[in-house]
Amino acid sequence: MKATFPHMGNLYITARALLGGLGLEVVVPPPCTKRTLSLGTQHSPEFACLPLKLNLGNYIEAAERGAEVIVMAGGVGPCRFGYYAQVQREILKDLGYDMEMVVLEPPDAHFSELVDKIKYLCQTDWRRAIQGVRMAWWKTRAVDEVEKRVEWLRPREKVLGTADRIYNRARAAIDAAATRREVELARQQALAELDAVERDPVREAKVVRIALVGEIYTLLEPFMNLDIERKLGRMGAEVVRDLYLSEWINDHLFGGFMRLDSPAKKAKKLAQPYLGYFVGGHGRESVGSVVYFARKGFDGLIQLAPFTCMPEIVAESILPRASQDCDLPVMTMFFDEQTGEAGFVTRLEAFVDMIRRRKEADRRSRAGAMDGA
Amino acid sequence: MRIGIPRALFYYYYFPLWHAFFTALGAKVEVSPPTNKAILDQGVRGAVDEACLPIKVYYGHVLALRNKADLLFVPRLVSVEPKAYICPKFMGLPDMLRAGLRDLPRFIDTNVNLRQGTEKVLEVALEMGRLLTRNKRQILAAWEKAQAVYQHYVALLESGLRPGPAIERLTGVPEGRRRRGEGEGPGRWKVGLVGHGYNLYDEYISMDLIGRLGRLGVEVVTPDQIPGAVIETEAARLPKRLFWTLGKRLVGSTLHFLQRPDIDGIIHVSSFGCGPDSLVGDLVERFSQRTRKLPFLYLTLDEQTGEAGLQTRVEAFTDMLAWRAAQ
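Protein chains in written order, with the working numbering: chain X, -15 to 357; chain H, 56 to 382.
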């Protein structure tokens, strides 16, 4: 069985290890491009959220490379993601693609069903399969760790793009690793190389810290968010997200089995005074993140979401109040197939300028107060 | 005690129930006026741009009640039946209003979450009732009465009456500006009009779509006239249980209409950017294309929708019905 899956940032590294470990032949869809977007947009419902459209584009491009089975995650609402598979299946059927869809529903709904599906997919013995799951997990953790360091380094490096070159090499090495030892070596080498990168003291003195929160796909997929992290890095912003891939996998597929400490988890509680209820997706986390990152001394926060994303519209409605209370500047960006690069960059630059000036003024007024005393 | 109930969103589904409950507990129910331009404009200003039209309109109705009520009834409707939700925006609504609007009366924002079972509704009733009286028996009696009224309401709808007149008959709250008798009774064609009640029955939002169709000789049947059991059975044909209550009504009623020989076409009314509808509407259109080639019209409403454009599309649709009848 030739199996494929949708892209979402570095998810392909996890998925290749996982599906490969189950003994499946893995067709990694080509990275998202304009063609992926155009295929997806052309055949999807007009008002569907952009991740659905990009996923569909991934499936079509994977089908062209011989994929027969699609493996993806599901959900039980209220966010639309839980119904993606059903809609995509019908679209593919009408387009004449004969692909099977195996939807891994979250364990709180039907744990036995999840096990049955993995059994169905599994083409090898259990010991090898479990090893595959573990490999996938180690790789995800390693990539996340490297990514966090890259996000820290980008606004500080002397030669722009150095961190990203190391990052790309590291991702390839981790993706190719066949044993836990190889994963570990690739991780250590990447971290050592990143530590050795020459930094620019002038840039470093001006670094602002921005938290990125919002809908998970938009947060993790650079094609969807127009590569916002790299752009912010070049503008001198250190970026931290409230959620990384391993945390999402843990929450969504392992039912929170691993004990990970993510800002998103804390943010859920901190949202209480503003949004006392689950609203699907990460809407509540987006609100609570304002409190969390304000306490951590961040300079700004950007909420990212697909246009028409319901949980994030709820969050967007509440963010201004939380932003005011916590004295943390917040900006919301919605993305769809029409989002243009130029307007996007202008908004980012304006935001970074604003928080940088604000930070500077804050620093001066504090220095002034001290002089006065 | 005056309790303000916005004439928006689930008003068209549950108002007689709420009205009977609060009235039986001695409160006076204040309803906001039928949607008008001022209400819409205020709502559009109060809500974020990305919110859908019905949510913006709801904001407007809440503002219209600002000085007319001691308590505002804006429940958090998480789930009105087991294993289903309405829409994330309904789940966040009281918080969205609190964050976005100033100087509002106190809220009755009780969580209504029947996801785990409908028995929970009694707790909801007790929680709301306690705001008005400490007498538990009185609350339970009021709830029982309210449920009887609600059953009556559902029966009236299934007998073919629209929510407006049915609400007027049961509660005395006048319907508004609709010209009586228009858009009802037999027409030349019968069309299944699917969509959410807060779009279909709010004459301002829908730009009097039902009346407009009536004047063109189209008699409409809406999902509220279909018994719940039929909707459930039809919607169960989907490969995965649909977890949106209103989406389920949309699918169930459309699949039902597709089987009825007396239905000449289907109109799906939706709000621009409606999340659940973006997927459910697509499925519905696919199924109707596959099973039976009925004329299908998809209308999207937002605060920019113009009457002329709507009229043109509706006329084109009836031309199509006439052309097909002539074949």
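Honestly, the hints are just simulated from the structure, not real lab data.
Heads up, the beta-carbon is just placed ideally off N, CA and C, and yes, glycines get one too.
Please note: incorrect hints may appear among the correct ones.
Said to hold, decoys possible - Mimicking SDA-like on lysine to any residue, the simulated pairs with C-alpha atoms at most 20 angstroms apart in a straight line are:
| # | chain 1 | residue 1 | chain 2 | residue 2 |
| --- | --- | --- | --- | --- |
| 1 | X | Lys253 | X | His236 |
| 2 | H | Lys295 | X | Val53 |
| 3 | H | Lys138 | X | Phe262 |
| 4 | X | Lys77 | H | Lys138 |
| 5 | H | Lys295 | X | Lys190 |
| 6 | X | Lys190 | X | Arg340 |
| 7 | H | Lys138 | X | Asp78 |
| 8 | H | Lys295 | X | Arg340 |
| 9 | H | Lys138 | X | Gly59 |
| 10 | H | Lys295 | X | Pro90 |
| 11 | H | Lys295 | X | Glu48 |
To be verified - Among chain X residues calculated to face chain H with C-beta under 10 angstroms, some are:
| # | residue |
| --- | --- |
| 12 | Ser28 |
| 13 | Gly50 |
| 14 | Ala57 |
| 15 | Tyr67 |
| 16 | Ile75 |
| 17 | Asp148 |
| 18 | Arg243 |
| 19 | Leu244 |
| 20 | Tyr258 |
| 21 | Phe262 |
| 22 | Gly267 |
| 23 | Pro313 |
| 24 | Thr316 |
| 25 | Ala345 |
Hint by hint, here is what the structure shows:
| no. | hint | verdict |
| --- | --- | --- |
| 1 | Lys253(X) / His236(X) | holds (18 angstroms) |
| 2 | Lys295(H) / Val53(X) | holds (18 angstroms) |
| 3 | Lys138(H) / Phe262(X) | holds (15 angstroms) |
| 4 | Lys77(X) / Lys138(H) | violated (28 angstroms) |
| 5 | Lys295(H) / Lys190(X) | violated (52 angstroms) |
| 6 | Lys190(X) / Arg340(X) | holds (8 angstroms) |
| 7 | Lys138(H) / Asp78(X) | violated (29 angstroms) |
| 8 | Lys295(H) / Arg340(X) | violated (49 angstroms) |
| 9 | Lys138(H) / Gly59(X) | holds (12 angstroms) |
| 10 | Lys295(H) / Pro90(X) | holds (14 angstroms) |
| 11 | Lys295(H) / Glu48(X) | violated (27 angstroms) |
| 12 | Ser28 | holds (8 angstroms) |
| 13 | Gly50 | violated (25 angstroms) |
| 14 | Ala57 | violated (13 angstroms) |
| 15 | Tyr67 | holds (5 angstroms) |
| 16 | Ile75 | holds (8 angstroms) |
| 17 | Asp148 | violated (32 angstroms) |
| 18 | Arg243 | violated (27 angstroms) |
| 19 | Leu244 | violated (25 angstroms) |
| 20 | Tyr258 | holds (6 angstroms) |
| 21 | Phe262 | holds (7 angstroms) |
| 22 | Gly267 | holds (6 angstroms) |
| 23 | Pro313 | violated (17 angstroms) |
| 24 | Thr316 | holds (8 angstroms) |
| 25 | Ala345 | violated (27 angstroms) |
Consistency with the previously given hints fails for numbers 4, 5, 7, 8, 11, 13, 14, 17, 18, 19, 23 and 25, ordered from lowest to highest.
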